[in-house]
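**Q** Counting in the working numbering, the sequence shown runs from 1 upward without gaps.
One thing to keep in mind: the hints can contain errors.
Here are the simulated PhoX-like pairs of lysine-lysine, each with C-alpha atoms no more than 20 angstroms apart in a straight line [what the hints assert, rightly or not]:
| no. | residue 1 | residue 2 |
| --- | --- | --- |
| 1 | K169 | K73 |
| 2 | K42 | K140 |
| 3 | K140 | K96 |
| 4 | K42 | K96 |
| 5 | K95 | K169 |
| 6 | K95 | K140 |
| 7 | K95 | K42 |
| 8 | K96 | K43 |
| 9 | K140 | K43 |
Hints in this document: simulated from the structure, not taken from any laboratory. Keep in mind it's a predicted model, so treat the numbers as computed, not measured.
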Amino acid sequence: MTLTSNVTNILSLLTIFGNILIGYFLILFIFKKEIKVSGFLKKNALLFAFIVALIATTGSLFYSEIAGYEPCKLCWFQRIFMYPLVILFGTALIKKTRSVVHYAIPMSIIGGFIAAYHYAIQRLTYSASCSADGTSCTAKYFFHYGYITIPMMALTAFILIIILCFILKSKKIKSDEK
C-alpha cells in the first residue's frame, strides 16, 4: 500500500466515526431528547475542535502537496474557512477562552455549505469545470465505502466543529463570565 492509500484509509475511517457521532446528535435533536454529553467531552470540546480542524487542514495539505491532487475552486473556498480555525482554536486553547465559538460557528456553517454543495455536484456528476485552470469540481480522487470523497470529509469536519462549538458554548467557564 502506498502512503496516499494509507492516509486515505485512515481519514475515511475517521470520517465514518465522525458521521456516526453526527448521526447520534442528529437523532437526539430530532427526537428532542436531552443531549447528554459526558463531562470529558464538555471539558475537552475546544481541544477536540482544534484536533478536527488540524486533521482536516493537514489532510487537505497532504492531498494537494504530497499526493499531488489538484484542488478545485470549491476546495480552495473550503480551505479558506477551515485553515483559520486551527489558529483560532489553538489560540483559544492557549488563552483558555471559549469566545472563539462566535467566529468558528459562522465560518464552519459557511464552509459546511460549500462542502455540501461540492459533494452534491460531485455525486450528481455535473460535467462542468469550476476552476479557471480547468480543474473539475466533480473529480473524485477516491470513493471509499460508497460515499466518502474529499468534500464529504470536509463536510464531516465542519459539522463536527459546529457540534463541538455548541457544546463549548453551553459550557460555563468562570474566566469568560463577565
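**Q** A separate judgement is required for each hint: does it hold in the structure or not?
**A** Outcome of the hint check:
A hinted pair counts as satisfied when its Cα atoms are at most 20 angstroms apart, and K169 with K73 does not qualify at roughly 32 angstroms. Only pairs whose Cα atoms come within 20 angstroms are accepted, and K42 paired with K140 is rejected, the gap being roughly 36 angstroms. As the CA atoms of K140 and K96 are separated by approximately 39 angstroms, the hinted pair breaks the 20 angstroms bound. Taking the CA atoms of K42 and K96, the gap is near 14 angstroms; set against the 20 angstroms cutoff, the hint holds.
A distance of roughly 16 angstroms separates the Cα atoms of K95 and K169; the hinted pair therefore holds under the 20 angstroms criterion. Proximity of K95 to K140 is assessed by CA-CA distance (about 40 angstroms); at most 20 angstroms being required, the pair is judged violated. Under the criterion of a C-alpha separation no larger than 20 angstroms, the hint pairing K95 with K42 is consistent with the structure, at around 17 angstroms. With a C-alpha separation of about 11 angstroms, the suggested pair K96 and K43 falls inside the 20 angstroms cut-off, and the hint holds.
Between K140 and K43 the alpha-carbon distance is near 37 angstroms, which puts this suggested pair outside the 20 angstroms criterion.
Hint compliance for this structure: hints 1, 2, 3, 6 and 9 are not met, and every other hint is.
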